[in-house]
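Visitor: Chain residues, written in single-letter form:
Number of protein chains: 2
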Amino acid sequence: MHSFTLDPRLEADTYDIGVLQLCRVLLMDDMRYPWVILVPQRAGSTEIIDLPKHDQHSLMAEISCASTALKILFSPDKLNVAALGNQVNQLHVHVLARFVSDTAWPNPVWGLDSRTPYPAHMAGSLIDKLAKALRPFGLKDN
Amino acid sequence: MHSFTLDPRLEADTYDIGVLQLCRVLLMDDMRYPWVILVPQRAGSTEIIDLPKHDQHSLMAEISCASTALKILFSPDKLNVAALGNQVNQLHVHVLARFVSDTAWPNPVWGLDSRTPYPAHMAGSLIDKLAKALRPFGLKDN
Chain A
33 MHSFTLDPRL
43 EADTYDIGVL
53 QLCRVLLMDD
63 MRYPWVILVP
73 QRAGSTEIID
83 LPKHDQHSLM
93 AEISCASTAL
103 KILFSPDKLN
113 VAALGNQVNQ
123 LHVHVLARFV
133 SDTAWPNPVW
143 GLDSRTPYPA
153 HMAGSLIDKL
163 AKALRPFGLK
173 DN
Chain D
33 MHSFTLDPRL
43 EADTYDIGVL
53 QLCRVLLMDD
63 MRYPWVILVP
73 QRAGSTEIID
83 LPKHDQHSLM
93 AEISCASTAL
103 KILFSPDKLN
113 VAALGNQVNQ
123 LHVHVLARFV
133 SDTAWPNPVW
143 GLDSRTPYPA
153 HMAGSLIDKL
163 AKALRPFGLK
173 DN
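Sequence order for the protein chains is A and D.
The working numbering puts the first residue of the first sequence at 33, with every later residue one more than the last.
The working numbering puts the first residue of the second sequence at 33, with every later residue one more than the last.
Chain A on its own, in the form it takes in the complex:
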């Protein structure tokens, strides 16, 4: 049995927010959209259906937590939730706050290759806010 390690590309493109019961919680380093990524800490999983049923339920619960945190913090026009993995094989779920005024609207955000990293001071305060919003849902430091 292999132990879980975060995919290097996910690690390179994100900041660490913490860990819920099942998932690592990451902030995508892209200031165009408030964008959380949930990564179930189960080595070798690429599809939702690779997870046992109880992990699938935990995943849905944690999607709900991340969605609620983004909704409270950003009042988005729409949430986008997606498990794609066409580029990064390790199972991960995108949870995004979308706005009618964002650069990609109404299209999806993936496949547009112009990630805009946060200035360091902005990333820090956003990570703090998200961590604070997720702590009532059981978020712990990684």
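Don't read these hints as lab results, they were simulated from the structure.
Since the list gives no way to pick out one identical chain from another, each pair is judged satisfied if it fits inside one copy or across any two copies.
The list that follows gives simulated cross-link-like pairs (lysine to aspartate or glutamate, DMTMM-like), each with its CA atoms no further than 20 Å apart:
#1 Lys103 - Asp82
#2 Lys110 - Asp39
#3 Lys161 - Asp48
#4 Lys103 - Asp134
#5 Lys172 - Glu43
#6 Lys110 - Glu79
#7 Lys164 - Asp61
#8 Lys161 - Asp173
#9 Lys103 - Glu79
#10 Lys172 - Asp160
#11 Lys110 - Asp82
#12 Lys103 - Asp160
#13 Lys161 - Asp62
#14 Lys110 - Asp62
#15 Lys164 - Asp48
#16 Lys172 - Asp87
#17 Lys110 - Asp134
Chain D: place on chain A using the hints.
Guide: The following block gives chain D in isolation, referenced to the frame of chain A:
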């Protein structure tokens, strides 16, 4: 309390496959990808977090059923699962079989405006296959 009716755009772009415990099950009329859409029969829902917890669990279970059916029937390289709703407000979840050789790979399929409808005989046999694969999961006629 309003009763559930399917969004007219979803209705126009899809074929009916049947109904699971929570969701209407639709086949996207686009022969570029085997593409199922799940629509929770809950009037007024636009986000996953609009659903009560037990419906969220049913939704995950039905995503899992649709994914398994697509996997068995098409042996895709990757499944894509997404709740976007930037264009159609009614809560719906896309479950797609993706292939390294499909026209959009590795990009997502949304936002490319070139839906390719099935010839009628192909749609019919595909709907039959999907319905047969979903019947063990409780699919009924709508």
